[in-house]
Amino acid sequence: MRKFIKVYSIKLVNVLYLSSVFFVSHVFADITHKFSGAFSFEAGAPYYHFEPHSDNVSAYRKNVGLYSEGNVSLSVQDELENISYGGKVVLHTTTKAKGAASLNGSRLFIKSKIGLMEFGSQHSIAKVMQISPKACGAMGTWSRYAKLPENYVFAASSSLPIEAFSTNSVGYSGTESVRKISYYTPEYYGLTFGVSYIPDTSNSTGNVGDDTTTKAIVIKLPGYTNRYVQYRLVATDAWVGGINYKHNFQSGSSIKLGAVIEYGNALPMKVYNNPECKSEHKIDDVINVKDILAYSLGVSLSKENIHCGVSYSTWGDSFFSDEIVTKPKSDSWSIGIAYVEVPIGVSLEWSYNTYGDRNSRHAITFGSDYQLAEGLSAYFDLSYFIAKGSKVLLDTDPKKTQIASYDDQVKPFSGICGILGIKIKF
1 MRKFIKVYSI KLVNVLYLSS VFFVSHVFAD ITHKFSGAFS FEAGAPYYHF
51 EPHSDNVSAY RKNVGLYSEG NVSLSVQDEL ENISYGGKVV LHTTTKAKGA
101 ASLNGSRLFI KSKIGLMEFG SQHSIAKVMQ ISPKACGAMG TWSRYAKLPE
151 NYVFAASSSL PIEAFSTNSV GYSGTESVRK ISYYTPEYYG LTFGVSYIPD
201 TSNSTGNVGD DTTTKAIVIK LPGYTNRYVQ YRLVATDAWV GGINYKHNFQ
251 SGSSIKLGAV IEYGNALPMK VYNNPECKSE HKIDDVINVK DILAYSLGVS
301 LSKENIHCGV SYSTWGDSFF SDEIVTKPKS DSWSIGIAYV EVPIGVSLEW
351 SYNTYGDRNS RHAITFGSDY QLAEGLSAYF DLSYFIAKGS KVLLDTDPKK
401 TQIASYDDQV KPFSGICGIL GIKIKF
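If you count the sequence shown from 1, position 81 lands on 81 in full-length UniProt numbering, and the numbers rise without skipping.
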């Protein structure tokens with residue numbers, strides 16, 4: 001009897017196993033997946049002109065700095081009655097002491113004939129729809145290594161404020177970027193529209209109700225002996241809208257136009273009577289800053305192996321107050337051109353940034369990359385930059401108490417920076 005039960009049990013287990021394999025293979029037969037990743041390693045060496053410079057590239061090294069980053073991603077997608085849905089998980093390396101990978105770029109999506117919905121994306125539609133000459137190939141990452149003095153401050157860049165201050169790029173200290181809900185329309189006669197919504201730019205994944213992920217700078221108000229402001233770049237009910245148009249000509253050339261606009265309610269600045277800015281130091285007063293209203297315009301052209309582009313971005317008066325900073329308008333221009341003939345590509349980019357009427361920065365970057373093998377390439381960038389400016393509100397060191405006023409001195413500052421790196425993609 002025991003032998004019969006044992007044989008029967010083995011047969012039953014085999015039947016259940018084969019049935020489960022058939023069921024799983026049948027259910028998941030239409031699921032597709034894609035595994036990809038990239039890793040880059042580079043060295044940057046800045047050299048400064050005009051005035052002595054004491055800031056080191058790394059903690060104890062002034063001339064050379066090393067940088068690396070990598071990510072792996074897995075995309076899983078299924079289809080049901082002309083609707084595709086799935087998710088993408090991205091593991092991105094981090095240099096933080098915790099040593100844990102951050103899920104930058106992970107998101108869910110649903111795609112149908114009425115468009116694409118993304119839930120939990122790291123970037124807003126601005127990252128996808130904003131046209132920048134950097135797409136031509138000129139990267140210009142010299143600012144990663146070249147340290148401008150504290151009195152040279154530039155808010156405007158090719159990134160718009162909501163995109164910049166809700167990711168790990170500027171003014172954000174969380175390992176997880178703020179998640180967005182985004183929608184893209186299908187392409188109609190070359191036109192594509194997109195919109196993103198962020199209810200609170202301080203609400204990163206895993207930190208609901210915690211505002212420590214946004215860096216705060218303590219500002220001493222001019223004309224007061226004990227009035228301090230906690231300047232925190234946070235927006236609520238933020239919206240990002242964009243439009244792209246592309247057209248291919250019979251001659252073989254193509255054009256792409258893009259416009260992106262951002263709007264959001266800026267968080268008022270709390271006022272304290274102590275620079276520690278603790279809750280017991282708060283007084284019943286706030287300083288309202290200008291709401292976010294920024295936009296970017298861009299165009300790119302391609303003809304066989306030649307690609308070029310131009311873009312303009314402005315932050316307007318976003319995040320600023322007349323009580324602290326005068327004439328805060330920030331603008332950014334960039335122009336780029338590239339020639340690509342596999343395995344080599346060369347590019348040239350010029351960028352110009354202004355902050356108010358007293359701060360300006362020019363940078364020109366020559367870049368080249370060479371494909372050593374499939375998925376393996378080496379690259380080289382050489383940048384020249386020149387800037388002049390006076391001290392303003394923003395500062396890269398949140399530990400210091402800043403006095404909100406202009407410095408009358410406007411000095412030139414310039415330098416060059418070379419970058420050599422290697423990158424693998426799979």
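Derived from the structure by calculation, the hints contain no laboratory data. One should not assume that every hint holds.
[Said to hold, decoys possible] The calculated lysine-lysine pairs, modelled on DSS-like cross-linking and capped at a C-alpha distance of 25 Å, are:
(1) K147 - K34
(2) K113 - K290
(3) K127 - K282
(4) K425 - K34
(5) K34 - K423
(6) K270 - K220
(7) K147 - K88
(8) K270 - K113
(9) K127 - K423
(10) K256 - K127
(11) K88 - K34
(12) K290 - K127
(13) K303 - K220
(14) K88 - K62
[Said to hold, decoys possible] Simulated restraints on C-beta separations:
(15) N273 - I114: 24 to 32 Å
(16) N226 - K246: 53 to 61 Å
(17) F35 - E69: 27 to 35 Å
(18) I424 - N56: 28 to 36 Å
(19) I110 - S58: 38 to 46 Å
Glycine included, every Cβ here is placed at the ideal spot set by N, Cα and C.
Checked hints:
1. K147 - K34: Violated - the C-alpha atoms of K34 and K147 are around 39 Å apart, more than 25 Å.
2. K113 - K290: Distance ~39 Å between K113 and K290 Cα, so the pair is violated.
3. K127 - K282: Distance of about 37 Å is beyond 25 Å: violated.
4. K425 - K34: 14 Å, holds
5. K34 - K423: 20 Å, holds
6. K270 - K220: Judged against 25 Å, a Cα distance of about 12 Å means the pair holds.
7. K147 - K88: Violated: K147 and K88 sit about 36 Å apart, past 25 Å.
8. K270 - K113: The hint is violated at about 47 Å.
9. K127 - K423: 22 Å, holds
10. K256 - K127: OK: K256 and K127 at ~15 Å, within 25 Å.
11. K88 - K34: With Cα atoms ~9 Å apart, K88 and K34 stay inside 25 Å; holds.
12. K290 - K127: 24 Å, holds
13. K303 - K220: 54 Å, violated
14. K88 - K62: 40 Å, violated
15. N273 - I114: 24 to 32 Å: Taking Cβ atoms as reference, N273 and I114 lie about 55 Å apart, which means the hint is violated.
16. N226 - K246: 53 to 61 Å: 57 Å, holds
17. F35 - E69: 27 to 35 Å: 18 Å, violated
18. I424 - N56: 28 to 36 Å: 29 Å, holds
19. I110 - S58: 38 to 46 Å: Holds - the Cβ-Cβ distance for I110 and S58, about 44 Å, lies within 38 to 46 Å.
Figure legend: structure checked against the earlier numbered hints; hints not met, in rising order: 1, 2, 3, 7, 8, 13, 14, 15 and 17.
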